[in-house]
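Top line first, the protein sequences correspond to chains V and Z.
Counting in my numbering, the first sequence runs from 844 upward without gaps.
Counting in my numbering, the second sequence runs from 844 upward without gaps.
Watch out, some of these pointers could steer you wrong.
[Said to hold, decoys possible] The calculated lysine-lysine pairs, modelled on DSBU-like cross-linking and capped at a C-alpha distance of 30 Å, are: (1) Z:1492 / V:1446; (2) Z:1115 / V:1205; (3) Z:1081 / V:1051; (4) Z:1356 / Z:1205; (5) Z:1418 / Z:1512; (6) Z:1512 / V:1506; (7) Z:1446 / Z:1394; (8) Z:1440 / V:1492; (9) V:1385 / V:1440; (10) Z:1051 / V:1051; (11) V:1205 / Z:1101; (12) V:1051 / Z:1064; (13) V:1512 / V:1446; (14) Z:1506 / Z:1423; (15) V:1446 / Z:1506; (16) Z:1362 / Z:1237; (17) V:1115 / V:850; (18) Z:1101 / V:1237; (19) V:936 / V:1114; (20) V:1492 / Z:936; (21) Z:1205 / Z:1492; (22) Z:869 / Z:1114; (23) Z:1114 / V:1237; (24) V:1114 / Z:1237; (25) Z:1512 / Z:1394; (26) V:869 / V:898; (27) Z:1512 / V:1440; (28) V:1426 / V:1492; (29) V:891 / V:1064; (30) V:901 / V:1084; (31) Z:1051 / V:1064; (32) Z:1492 / V:936; (33) Z:1506 / V:1440; (34) V:1051 / Z:1084; (35) V:1388 / V:1440; (36) Z:1051 / V:1081; (37) V:1114 / Z:1205; (38) V:1418 / V:1385; (39) Z:1114 / V:1205; (40) V:1512 / Z:1506.
Hints were generated in silico from the structure; no laboratory data involved.
Protein chains: 2
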Amino acid sequence: MSPTFDKVDTVAINTIRLLAVDATIKANSGHPGAPMGLAPVAHVLFNKFMSFNPKNPKYFNRDRFVLSNGHGCMLLYALLHLYGYDLSLDDLKNFRQLGSKTPGHPEAADTPGVEVTTGPLGQGVSNAVGLAMAQAHFAARFNKPGYDLFTNYTYAIMGDGCVMEGVASEASSAAGHLQLGNLIVFYDDNHISIDGDTAQALTEDVLKKYEAYGWQTLWVKDGDNDLAGIAAAIEEAKACKNKPTIIKVTTTIGFGSKLQGTHGVHGNPLKKDDAAHVKELFGFNPNESFVVPQEVYDLCSTTAAAGAADEEAWNQLLEKYSAEYPELAVDLKSRVAGTLPEGWEKSLPVYTPADPAIASRKLSETVLNALGDVVPQLIGGSADLTGSNYTRWKTAVDFQPPSTGFGDYSGRYIRYGVREHGMGAMMNGLAAYGGLIPFGGTFLNFVSYAAGAVRLSALSEIPVIWVATHDSIGLGEDGPTHQPIETLAHFRATPNIMVWRPADGNECSAAYKVSMTSKHTPSILALSRQNLPQLEGSTIEKASKGGYVLKEVADANITIVSTGSEVGLSLDATKILESKGYKARLVSLPDWFTFDKQSLDYKLSVFPDGHPIMSVEVMTTLGWQKYSHEQFGINTFGASGPYLQVYAKFGFTPEGIAERAEKTIAAYKGVSPRSPLHIAF
Amino acid sequence: MSPTFDKVDTVAINTIRLLAVDATIKANSGHPGAPMGLAPVAHVLFNKFMSFNPKNPKYFNRDRFVLSNGHGCMLLYALLHLYGYDLSLDDLKNFRQLGSKTPGHPEAADTPGVEVTTGPLGQGVSNAVGLAMAQAHFAARFNKPGYDLFTNYTYAIMGDGCVMEGVASEASSAAGHLQLGNLIVFYDDNHISIDGDTAQALTEDVLKKYEAYGWQTLWVKDGDNDLAGIAAAIEEAKACKNKPTIIKVTTTIGFGSKLQGTHGVHGNPLKKDDAAHVKELFGFNPNESFVVPQEVYDLCSTTAAAGAADEEAWNQLLEKYSAEYPELAVDLKSRVAGTLPEGWEKSLPVYTPADPAIASRKLSETVLNALGDVVPQLIGGSADLTGSNYTRWKTAVDFQPPSTGFGDYSGRYIRYGVREHGMGAMMNGLAAYGGLIPFGGTFLNFVSYAAGAVRLSALSEIPVIWVATHDSIGLGEDGPTHQPIETLAHFRATPNIMVWRPADGNECSAAYKVSMTSKHTPSILALSRQNLPQLEGSTIEKASKGGYVLKEVADANITIVSTGSEVGLSLDATKILESKGYKARLVSLPDWFTFDKQSLDYKLSVFPDGHPIMSVEVMTTLGWQKYSHEQFGINTFGASGPYLQVYAKFGFTPEGIAERAEKTIAAYKGVSPRSPLHIAF
Ligand SMILES: [Ca+2]
Ligand SMILES: [Ca+2]
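Hey, can you work out the whole structure from these sequences and the hints?
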């Protein structure tokens, strides 16, 4: 039955608008225009369609909502407050203040009810694609006749900015391919962006583009007033099961303001007299602020109560399900609890020096083959580099719409397409749904294409995993366009992200172990194209500390510290140095982030005082000064050629490393340098 | 008159195919499939339509060609060889070898005739948009009745990979908006990507999407054989003056191979017997390699000669033009020569400490206002942040299709839309055309969205300028989603790019001066939202060295080194330290890249031995160890709030800086540390 609307709905809508007006005025900062324009859509959606439980924002089958134009966050904060999430009127009054629950853009880690962190444009709608993929997967895996456990929809609102961003294009194209009927996106067509009239830069036919992507397209022409039209569009969207739907809603930015319909209301609070004008127009007292009529609270609490009842019913259904499908229920409950199958880590491969040299991308494949069936939470694929990233485990089934003939939604291998940025954002959505460990493969160099999404994984504490192969000049012939130089430094400089560069099989297993058990930190696994020997002295346990002494000697003249493919070369270099009468220690440092969390005592045991430390890595030296006195690396772009020749060109041979080590020892003759790990504050 | 085709054309096409077969076999690496499928399109285009002069690859009015699917570069190398560019058969035999002119992907800096560096997918077609914009601008500025000096077209080929990349979507949407009738893109519709059948990931209707972008769309259904159809499509494309054209060409990847039409021919050389099979099929001797029939050279040299004649005629036209339009001719000739108007740098603003505190984004606007009319090479805009980046100078005219009513093609202010990555790639194209200095504005944090394009600016030595405002936590309320932490480290770690963070007006002028005179190095200008004082001791000359001593004292206890908005705070900190009896020097280091190029003597005069050096910058400390013993920065994400409160939260006040400086002095008591600028090798 279609919803009906009365006066209270209008009051609720105007209440949302005015909360945005008041909060931005109080903060003297922020974006009132989008909330004022979008209040009708948001109200109809939250009040008449969505199922959620404000008392348990994590209720698993809740409908998800993403505000992709995150700068309009007062819309979301107002809604969360009205429906009874843990967000008070005082929190709204603290909008954009230090330490508040209402930061300038929605932060999933800060605010209950915020599903994903948005603001950087294009990300939210792409996260929504991931959220919808996750729902499709859970439904395919767990739903059984009589047990529609997973029925939720994912709703998103995006503005003109998101429409223009490439990441949104990538994810939207993927969503069309994937036929995600559970995804409904509102496009706020208000003809205004920061520069003013969108006609200055955006003249594409947005709905036609989405049609080309394979979406259902709808248009509500009067999004300011036509509540029934909005509701009818949502109903039509929900009814379309094999396509995502975009609903273009033509709205007036800053509806009610004297400046409505102009970019004057986009990013600046309303002037005092304009605010009074709007309040009078909406029948509110112009002298009062942050007013919520009780009837609005009442209207919203009815919806909230229905959501709580939905969760109650869901929990009961799950109990019945547990009796009938005990194994699936165990899996499902462990997803909800965020735990992995007991003993899963015993499946991680272990190596000895007797094992053959293997490329770490192949070692990664061995891990995925070992874990594919053991850890059903694992879901991932590659941005069209499956045969190069080695991301597909043997028993994998593709995550595909059944009509394609390539797989079904219970599958866990994702063909992301050549869409690295979209992949990163989709992974964030998959992870945000809960109960999944998403991974995505590409060349390390092209993780940079996804920098915007990677940053949000780190900021919003989402533990996704990048399988980043071809991690250096060691990829050889493809040349400088594909050879990372700055990439590791970039991500090592990013807060809250692990950047693993395993040197052998045990380190690769350690990288997966730490990444997969991480609750709040994403990972990038930098993996070689070329073969790497299995090292004496490496273990999963030691590598899990992020760094350790691979080769210890007393009274060392030098410590060499290295990562990944250069650790084996450095080990050979220590032998050359020995033959010349030097004593050289060797440290493997596969992940700086994890190592930095160890005790200072441990870190000083790895990097002690008294002799020089030299880093060896075939990319930028920038950052290595943190752990070393001298750095051997590459601060130019690479070169195209067979990889051993490229390595030799830059001096990365055992001899070349030993030569620099000798120079380092000579430069520190008579000096007893302090460990760089000591810091003054 | 439409071109006609005979047997020699077929031989030429098969010659191209076989050169790709032979080169990839000899390299035992590379991509034969795309060249074999695309040889007909490329031959028709180069032989029957394009105007270029292999003896002068820089002939200004040449048609531009971009191979966006750069992995198919043997197609391009074969063509360049056949038409007589400085690329010998031996060069082709050295495909993908160290130091060759034929690297694994096309590198503009390495190979004559390669317009832009491609390989990272989506970039080339986006560069092509920039090339076409440049042509439209030159035509609007310089063409006069009887003087059609600028008539060239820009052609590009892209594959399925480019079609899926967001950057291509952004640039293509912009191209449609800009109505670039001089842009013709071939879409190689071969149904194969690395993962195999494109239907696994790409089911969008590509032509419909481009129609939605505002392009003319054409389809050649038999791209393997229908040469007349290809030619007719190109003619139709050229005839459409107010829209870019996409020509979908359905081809067979690896045409002629036993594995044709499969991903088996995408990224691996053909097997020996398959190569023999193809050669026999094409009527070539299966036992010979790298064969070019003389008739093919002859056919190609006719086209090359026509191109040389075109240049000759163009030069004569330019001489006549010089008489009639002497001022424009002076401008044009300086563009071709790559020089700037004499004395332009005198317009750069100069400041004294008596001048008021001004945000460096405003200082940047003052520079643009001063130079907008003085340097006609300047062309740029913002990714929909004009009012925040302050990128639009007072007298600017928008670069727009006249029919929009917003400007015309002679304008130099570009409304890039919310398309940061596309902007970066379009800037690369604008610069590659020659005679232009492109700039683009966004928030510093969102330059990361364009990392793929920025990297290619650096790699291909294209001096574009990023006006990157809101460069730190100093942006305040927008919060962590917008506050860069890792961004400067990322780009400082990238080879061949300047990353300026000016501390005041003189440093801002220096940043522009060095960036605008750079021939081979792009720049990022990191600019503050908040006001910065004009510093005693800063000059354009000193700052142009990348780093200098802002405040010198004898027998210093400490040197503080800082950048941008923290230099003024650090200066105040030195005063606090003085009041406590310490002697503190202060170094401003606005650009590491430029500073690193100075003599060691100079660098050691800035960072001398004997006392500790502490860095101060409100972002990651990573990398600062290169210049300092202790680092004060922020290695977590930022916070949303009024900016002074956010600065105080992280300790970035004169008092907070002085406190860390005291701890540094204490930690180095009795130690006479060496300057970090000394290196062992
Ligand atoms: Ca808008
Ligand atoms: Ca293809």
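So which hints don't hold here, by number, going up?
-> none
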